[in-house]
Amino acid sequence: MFYKSILITLTIITQILPNTALAEEPTTSQLTESDFFNDFPVVLSATRLKQSKNNSPTATTIIDRDMIEASGFTEIVDLLRLAPGMLVNYDSGHVANAGYQFLLDRYRVRLQVLVDGMSVYTPLLGEMPWTQLGLTVDDIERIEVIRGPSSASYGPNAMTGVISIITRHAVLDKGSKFKVNQGVNGRSEQYFTIGDTKGDFDYRLSLAKRKDDGFKRRYDSKDLSIVNFRGDYQATNNDEITFSFSNNSGIYQEDASDGLNDSMPEHTKSVKQLSLQSKWVHSFSDGDNFTLNYYQQNYNDNNTYLGAFDAPFGNAPIDEGAKTKRNNIEFTYTTYSDWYKLTLGALYRKDKTLSSQFLYNINKDIITRQLFTNAELHLNEKNILNIGLLHDNNDTGGTTLAPRIALNHHINKNHTTRISYSESTRSPFALEEYTNRVINLPNASTVGPLYPGYDITYWEDLYDLEPERIKSFDIGYIGKLNNTPTEIDIRFYKSQLSNIIYLKDIEVGGFPTIVPGYYSQGDAFNITGFEATLSHKFKNTKVILNYAKTKIDEVKLASEVKSGYETGAPENIISLLIIHDFNNKIKGSAGYYHTGSYQQLCCESGDLQAPRNRLDLTLTKSFKLAGYNSKIKFVLQNATNDKVETRLYNNYDRQGYISFSLEL
Amino acid sequence: MLFSLPLFAKLGFFCLFITPALSYSQESVLVVTSSQGGIYQDFYATLKNESNKKTSLSQVNFSDVDNKILDNHKLIVSIGYKAAKAISKYETQNTVIHSLIPDNESSHNNIPCMNNNCYKVYINQPTNRYIKLFKKLFPTGKKLVLATINTNSKISKQVKSISEKNNIPYKEIYIQKDSNISRIFTSKLNNSDVLLALPNPEIYNANNAKSIILSSYHANVPIIAYSKSFTKAGALISLYSSIDDIAEKTANIINSIIIDGPQRQKEYYPDNFTIEINSAVARSLNIEIDTKSAIKRKIK
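Just so you know, the sequences run in chain order A and B.
First residue of the first sequence: 8, per my numbering; consecutive thereafter.
First residue of the second sequence: 424, per my numbering; consecutive thereafter.
Bear in mind the hints are in silico, worked out from the structure with no lab data behind them.
Since we're looking at a predicted model, the values are computed, not measured.
The reader is advised that the hints may include incorrect statements.
[What the hints assert, rightly or not] Heads up, simulated DSSO-like pairs for lysine-lysine below, C-alpha to C-alpha not over 27 Å straight-line:
1) LYS544/A / LYS566/B
2) LYS60/A / LYS549/A
3) LYS611/B / LYS640/A
4) LYS565/B / LYS592/A
5) LYS559/B / LYS546/A
Turn these sequences into a full structure, and let the hints steer you where they fit.
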């Protein structure tokens, strides 16, 4: 009875107390002095801010949300067409390549690609798995394309530039959103996003299913399931912790792409990508901040088939799969004053790669250690000096130093010039440094003494490779025409590349189909070029025009193999995006993309692609459906049905899709 | 008649007609605070420093006030919303200054003035001050945007009217209660806009601030805000009065009432204000901005 009374009393008290307390508090809608003097959490900490283009040591293009939506692109890699000098090419419907200024092959991407600061190229081949990223175009807030060698800030692999993909903060996607894209060529895409705030924790969960049939004449469809989670926890007014998780599981059709690999029959492969990231940003009250970023990136490429080799070798089980795991931890501290901004940082990375046939019996981790500093010094009102230096030590490239120096001169508030010099490197990837590609051919011993056993090594590790190097000199101008919304960004550059790594064939008679070889290096060439961006905002129309002119010359070959470096870059690349707001909730856009003649060296050797032109059109209507915000979008890609004959048959036919989205 | 009265009655009569100031000078000033620590203590300290040295100030928490205490003080100063609300319930006929209170409809309803001896010192800035700031920062080419939950509110009408008078392009973003704020801002803002964030807890609060700041930032829209912490969080610039500014203004009014008697003006905004700039945001949005002192000089 006694305990029961206590319980009843406590229950009554707990029911009454909160009400009593609330009665003394003003309602949340009542404006009080606390609204003026209480702290807001720091939202735009310096790490989230875009560096002013005028102060940047390197030419930078920002592809913002407006451009992303207006482009109608559903592949992330295609968005890069909106930056000057970026080349986008497809080896198949699901193997996309992007390069800045030139595109030597699908592997060994010489760009650092970051998703929220997470480096996403694969450690085995140095390939950029654009289709396997664990996010969709809708998750992206903006893409910053840093055009020019940037190893001083981002380490090896930022050899020609950096593509930094920044996803949307979870708080921007509250509520639920459904989107369906349905189009020709088997395109069927479904997206679902849900976001909410629980106290100081904002989260967004995106789920997507995407599939299409690939190119018309190829066996190259894809079927993807993507999960992306991002949570932003505002621990205190000065501390924000971001958690993210992504998973991309895909089934891909693979073919021999017209004789490039005759032993490979049509088959399917599966790739799973999994990444986890946790980032802590602490902003000090004086504006300084530090960031601690840890992430893990896993790829599991399951690609086995029965290789059909010429007689007498016959069939052999081929495994082109690989498992890679990257663990990375990075610390940066940035301090600001009126006349300088200084960033200091350190990074530790461990790349583990296992591949039964590419790295036969090889089990080596690649450890990378970096120390870096970048300083932006405001010498006076008109001049800014940027100095950067990165010390890198890794197991494949040894120790390198990547310096950068740049002087930005503000002629006045509307006009800035830039002169810069930088050196960057690319360390050999696991396959280049440790290559030991072995296949098992049961009938090999019948051929003769050249093939003594069943296990045939046809890519050998003969040399200890050095990092590839680039030295680049750049002059730039960024201007605004007399306070009008017209902006110009111009860049002239000259770069010298050396120590280029290549796969050298061994001339051996009778070897089956795939030519044996080893990785060597020593080729060198120069690139000179000019790039310009002109953007203008009319009342309801925005126009962005990009132009790039590139020339590769002074090729010096270490080997006697004909390289074709000179044709590895198109002379002209143009992109034009026009976005128009018709005012009555209708928006339209037109995107024109021109790529001059060039050849992608790995897969189209000797096949010079004719110039390509592509015109994409979109029309979007926003409306209310049962009180909910809805959009319907019509997208027509390659409207002029421009076609170029290549060995890869990698032409987009004229195709379109309809997109419908509903926000709840 | 007068001369036939006893001496004490004559004196009393004289006192009745002599300036009211004298009667205040003989009374201490009761300062009623909404809480005992933090900004209220700072306010009280400044008030004490800036008040006439002969004025005696005593402090009490609003929860300890009763009719007797109020009746013993001819001049009562409430600091903060809670204190003002509590004092206004007593319907005292003594002179009351409600300081550190917001100027909005709800505040006017909850803190009524019961007699002619009631004064208010607001935390807010006069709207015109923000418009001047906007014009100084963006003389041409930008549109002033105000988010509101009530397009007929006093503040909406004021901003609209002053903008029109100054030929400033103006638009309103209407926020429905319980709507998805980030989506509204994302869809309505474009890069020729400048968001004027005026205090409204239904729009700008710790929960929404992140989404509003980020939406604006991504649309390249700078925010002109009303508090220092808003600027620190990510607004481009803020114009606000500090606790000291408001306390000083309140002390001036106390001094005036004591010396000169009742004042004709009943509502005051702080004269002094502070400009806070987030230069990192300015750089990031490519906005050239003067120094704080230069901006302040031009607005004054």
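For each hint, the structure was consulted:
{"no.": "1", "hint": "LYS544/A / LYS566/B", "verdict": "14 Å, holds"}
{"no.": "2", "hint": "LYS60/A / LYS549/A", "verdict": "19 Å, holds"}
{"no.": "3", "hint": "LYS611/B / LYS640/A", "verdict": "19 Å, holds"}
{"no.": "4", "hint": "LYS565/B / LYS592/A", "verdict": "22 Å, holds"}
{"no.": "5", "hint": "LYS559/B / LYS546/A", "verdict": "23 Å, holds"}
Every hint, counting from the list given before, is met by this structure.
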